[in-house]
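Protein chains in written order, with this note's numbering: chain A, 1 to 256; chain B, 1 to 256.
Read the hints as simulated data drawn from the structure, not as lab findings. Just so you know, even glycine gets a beta-carbon here, dropped at the ideal spot from N, CA and C. Careful, some of the hints might be misleading.
Covered stretches of chain A, going by a simulated chain B footprint (3 or more residues, C-beta under 8 Å) [what the hints assert, rightly or not]: (1) 66 to 75; (2) 226 to 236.
To give an idea of the interface, some chain B residues facing chain A are shown, with a C-beta separation under 7 Å as derived from the structure [to be verified]: (3) Met156; (4) Val159; (5) Val163; (6) Arg165; (7) Asn166; (8) Phe167; (9) Gly168; (10) Pro181.
Derived EDC-like pairs (lysine to aspartate or glutamate); straight-line CA-CA distance at most 20 Å [unchecked claim]: (11) Lys116/A with Asp128/A; (12) Lys181/A with Asp202/A; (13) Lys239/A with Glu253/A; (14) Lys162/B with Glu153/A; (15) Lys162/B with Glu151/A; (16) Lys185/A with Glu151/A; (17) Lys108/A with Asp128/A; (18) Lys130/A with Glu252/B; (19) Lys76/A with Glu101/A; (20) Lys222/B with Glu34/B; (21) Lys162/B with Asp128/A; (22) Lys185/A with Asp119/A; (23) Lys162/B with Asp158/A; (24) Lys162/B with Glu101/A; (25) Lys181/A with Glu56/A; (26) Lys162/B with Glu159/A; (27) Lys177/B with Glu159/A; (28) Lys219/A with Asp202/A; (29) Lys177/B with Glu101/A; (30) Lys130/A with Glu157/B; (31) Lys171/A with Glu153/A; (32) Lys239/A with Glu221/A.
Now for the letters of each chain:
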Amino acid sequence: MYICVEDVSVNYQQGGSTFEALKNVSLSIERGEFICLLGPSGCGKSTLLNLLAGFEKPARGRVFIGERQVTAPSPKYLTIFQNYGLFPWRSVLHNVELGLEAKKMNRKERRQQALKYLDMVGLVQAKDKKPCQLSGGMQQRVAIARALAAEPEILFMDEPFGALDAITRMKLQDDILRICKDGGKTIVFVTHDIEEAVFLADRIVVMEANPGSVQGIVKVEMPHERDRTSDDFIVIRDKVFAMMHLKKEKEVEYYI
Amino acid sequence: MRIKLGKKVWCTAVSLLVLLAVWEAAVLIGSFPEVLFPSPISVWNAFWQLWTDGLPGSSSRVVLGVHILVSLKRFAAGYVGSVVTAVAAGLLLGWFFRVFSYINPIVQLVRPIAPVAWMPFIVLWFGIGDAPAVAIIFLAGFFPGLLSTVAAVEHMEPVYRKVARNFGLSQAQTLYKVVFPAAFPQIMNSLRLALGTAWIFLVSGEMVGAQSGLGFLIMDAKNCLRSDALLATMITIGVIGLLLDWGIRRLEKFVL
Numbered sequence: 001m002y003i004c005v006e007d008v009s010v011n012y013q014q015g016g017s018t019f020e021a022l023k024n025v026s027l028s029i030e031r032g033e034f035i036c037l038l039g040p041s042g043c044g045k046s047t048l049l050n051l052l053a054g055f056e057k058p059a060r061g062r063v064f065i066g067e068r069q070v071t072a073p074s075p076k077y078l079t080i081f082q083n084y085g086l087f088p089w090r091s092v093l094h095n096v097e098l099g100l101e102a103k104k105m106n107r108k109e110r111r112q113q114a115l116k117y118l119d120m121v122g123l124v125q126a127k128d129k130k131p132c133q134l135s136g137g138m139q140q141r142v143a144i145a146r147a148l149a150a151e152p153e154i155l156f157m158d159e160p161f162g163a164l165d166a167i168t169r170m171k172l173q174d175d176i177l178r179i180c181k182d183g184g185k186t187i188v189f190v191t192h193d194i195e196e197a198v199f200l201a202d203r204i205v206v207m208e209a210n211p212g213s214v215q216g217i218v219k220v221e222m223p224h225e226r227d228r229t230s231d232d233f234i235v236i237r238d239k240v241f242a243m244m245h246l247k248k249e250k251e252v253e254y255y256i
Numbered sequence: 001m002r003i004k005l006g007k008k009v010w011c012t013a014v015s016l017l018v019l020l021a022v023w024e025a026a027v028l029i030g031s032f033p034e035v036l037f038p039s040p041i042s043v044w045n046a047f048w049q050l051w052t053d054g055l056p057g058s059s060s061r062v063v064l065g066v067h068i069l070v071s072l073k074r075f076a077a078g079y080v081g082s083v084v085t086a087v088a089a090g091l092l093l094g095w096f097f098r099v100f101s102y103i104n105p106i107v108q109l110v111r112p113i114a115p116v117a118w119m120p121f122i123v124l125w126f127g128i129g130d131a132p133a134v135a136i137i138f139l140a141g142f143f144p145g146l147l148s149t150v151a152a153v154e155h156m157e158p159v160y161r162k163v164a165r166n167f168g169l170s171q172a173q174t175l176y177k178v179v180f181p182a183a184f185p186q187i188m189n190s191l192r193l194a195l196g197t198a199w200i201f202l203v204s205g206e207m208v209g210a211q212s213g214l215g216f217l218i219m220d221a222k223n224c225l226r227s228d229a230l231l232a233t234m235i236t237i238g239v240i241g242l243l244l245d246w247g248i249r250r251l252e253k254f255v256l
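If we strip away everything but chain B, and leave its shape as in the complex, we get:
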């Protein structure tokens, strides 16, 4: 059911305004310490401060815009890397299914291990800085991408395989001209879901060992006891996640 754009905007605006009103009211009526429960106004002020001046008392005094760019850069590297590897591996493993039946048990063993649990090893192997964040994003995006690509190949219309064989296409031609386009809608869908998960994991990745980025900023704000800046960063993270999802939906519509 397609809700009209106007109505969507209206609903969003109303719900956000109501949320802000309730929030402000809760702050005014209750007597919470500012540190535990910042008011919307102080969060807004903190946001502006971060945007123009950075976080006072922080070890890294760069503005919010820089942190955002750094996070996005790491996210792009990790996400694109995981997508390309997962789809390529998924196409091959889905096609050579007998090979996959040997690899699958290992995949199912490694998959439930939370990416964050890999952190100690990742820091030991690759050091601190960009690597932990990129590695975590890669892990978060890889397994869902791989498994859904394999499933998409498995569930491809059997007649396509017959047609490809009949017309004398080689294995490589079949994978490139038939299997990949046939599986693409399903792959695209899982990539959109993986995008959301990977963005969430970005923050946890940056909390360990990074010296910049939004996840680092969260830890920094915590260390400076600035809960207003903390909330402002959290909201920023949420908004960027929303924009990324919106972006990939547009891409999906355009391609399909």
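Next comes chain A alone, as it looks inside the complex:
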């Protein structure tokens, strides 16, 4: 067990009432796994991710990564945000260098490292541009390069492709698998897109709202490169649909 979520609960005060964002959620994630947290809005998937990343503390329960309890964010476990979180006043290259500035590296080494990861996402030619001059997909790739350059152990991704169009989203899904999986990183990916979860994940954690909890876990035992239109893909997708009560049961009457 690498990441261990022990019976956590998170409550928010809204007006006079308490909203249970997460209730008694337990989960364990192995090193090197690609986990998707899948569910509709309000099911607590982003809250759970925040707990894992250390941005929030649970009201009850504990989160462990390795042997240590998570109490604060750490550069070893980096988050990729839906709105990229790039600094508009910095150039693309300077943005990627951010994670390296907290480490003891001289200017030349920082630049080299940043360029290496920028090359990995295919954006070296944009290194002197400002983020506002890039498309959404390119900006997210810069954010990914920024995270990778700091060489974290875990990547948390909070609906990273939510703001992009469907075609760019599919291209970036391919990129994520190629870049991140190859490095042996553990990835926790939040999404509400079922196809995306089936395409990317080793295991899909299906969550439901009111209160936020885990409905079930679907194991996806397909090798990568996965074909989005293959039969295996559709079988797994069906399983997820069924778990989320999205499949309509047709009643058929037989006359014999």
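Chain B: place on chain A using the hints.
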């Protein structure tokens, strides 16, 4: 909407010419005493006299150019001082918001007191000469600068804070690398507005106790019953204010 430069120049020239024509006409047609309502020509002559010879009958017989330089010197000291203090304090108070909630009531109490009302104390504490003018300019620029910097920090994109925490930046690094650049456009805007207010207050500051400068020249011209020189000085003050505003706009464009 960007009005073409040519058109802007044309509009300004036309409106100024019309104003001058109406002014001259009013003087010729009406029979106002010269003292109450000087004509454009006499103001122009007074301007030249001030520029080359100073004010006859004055206690300080220096030329207009010297007065301008003295005023600008005081203005620079007071304005730069207020900007640096306001921005530094604003960044810290905006970041350590709990501290600010204790300081804010005092700020709101002191802010509405007109800088001119401070004059008796300022003269008692610092004497006459440069100090009153510099102090008034400082007060005029400080509070707007402080409050808008605090607001800018407050309204910074929340994701920047998360990114800074995640990548392990220290508080000092976060303030310097993230908070200040993020807040800068808003800060710059309020500094431009503060520039205008501070220049206006310069004149009132120099009217009390100074022995040189444009504000002093106003009092001097009044004492010598030279309303043409008075109007010439007022127009000079207005033109310099315009040039300062134009200057800071250029600076803003260059930096941002």
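Tested hints:
1. 66 to 75: Our answer is that it holds, as 4 residues pass the Cβ test (under 8 Å) against chain B, meeting three.
2. 226 to 236: violated (count 0)
3. Met156: With a closest approach of 11 Å, the Met156/B hint is violated.
4. Val159: With Cβ-Cβ at 4 Å, under 7 Å, it holds.
5. Val163: Val163/B check passes; min Cβ-Cβ to chain A is 5 Å, inside 7 Å.
6. Arg165: Holds, about 5 Å.
7. Asn166: Since the shortest Cβ distance to chain A is 5 Å, the answer is holds.
8. Phe167: Because about 5 Å separates Phe167/B from the closest Cβ in chain A, which is inside the 7 Å limit, the hint holds.
9. Gly168: At 4 Å from the nearest chain A Cβ, Gly168/B passes the 7 Å test, so the hint holds.
10. Pro181: Because about 5 Å separates Pro181/B from the closest Cβ in chain A, which is inside the 7 Å limit, the hint holds.
11. Lys116/A with Asp128/A: Since the Cα atoms of Lys116/A and Asp128/A sit roughly 15 Å apart, the hinted pair holds (cutoff 20 Å).
12. Lys181/A with Asp202/A: Holds, at roughly 11 Å.
13. Lys239/A with Glu253/A: Violated, at about 24 Å.
14. Lys162/B with Glu153/A: Holds, at roughly 18 Å.
15. Lys162/B with Glu151/A: This hinted pair holds, its Cα atoms lying about 18 Å apart.
16. Lys185/A with Glu151/A: Roughly 9 Å between the alpha carbons, so the hint for Lys185/A and Glu151/A holds.
17. Lys108/A with Asp128/A: holds (16 Å)
18. Lys130/A with Glu252/B: This hinted pair holds, its Cα atoms lying about 18 Å apart.
19. Lys76/A with Glu101/A: holds (14 Å)
20. Lys222/B with Glu34/B: Cα-Cα ~14 Å, so holds.
21. Lys162/B with Asp128/A: Not OK: Lys162/B and Asp128/A at ~24 Å, beyond 20 Å, violated.
22. Lys185/A with Asp119/A: holds (19 Å)
23. Lys162/B with Asp158/A: Holds, at about 13 Å.
24. Lys162/B with Glu101/A: holds (16 Å)
25. Lys181/A with Glu56/A: Violated. Lys181/A to Glu56/A sits at ~27 Å, over the 20 Å cutoff.
26. Lys162/B with Glu159/A: Given pair Lys162/B, Glu159/A holds - Cα atoms ~16 Å apart, limit 20 Å.
27. Lys177/B with Glu159/A: Answer violated: Lys177/B to Glu159/A is near 27 Å, above 20 Å.
28. Lys219/A with Asp202/A: holds (6 Å)
29. Lys177/B with Glu101/A: holds (10 Å)
30. Lys130/A with Glu157/B: It holds: about 17 Å lies between the C-alpha atoms, which stays within 20 Å.
31. Lys171/A with Glu153/A: Answer violated: Lys171/A to Glu153/A is near 24 Å, above 20 Å.
32. Lys239/A with Glu221/A: Holds, because 13 Å separates the two Cα atoms, which is no more than 20 Å.
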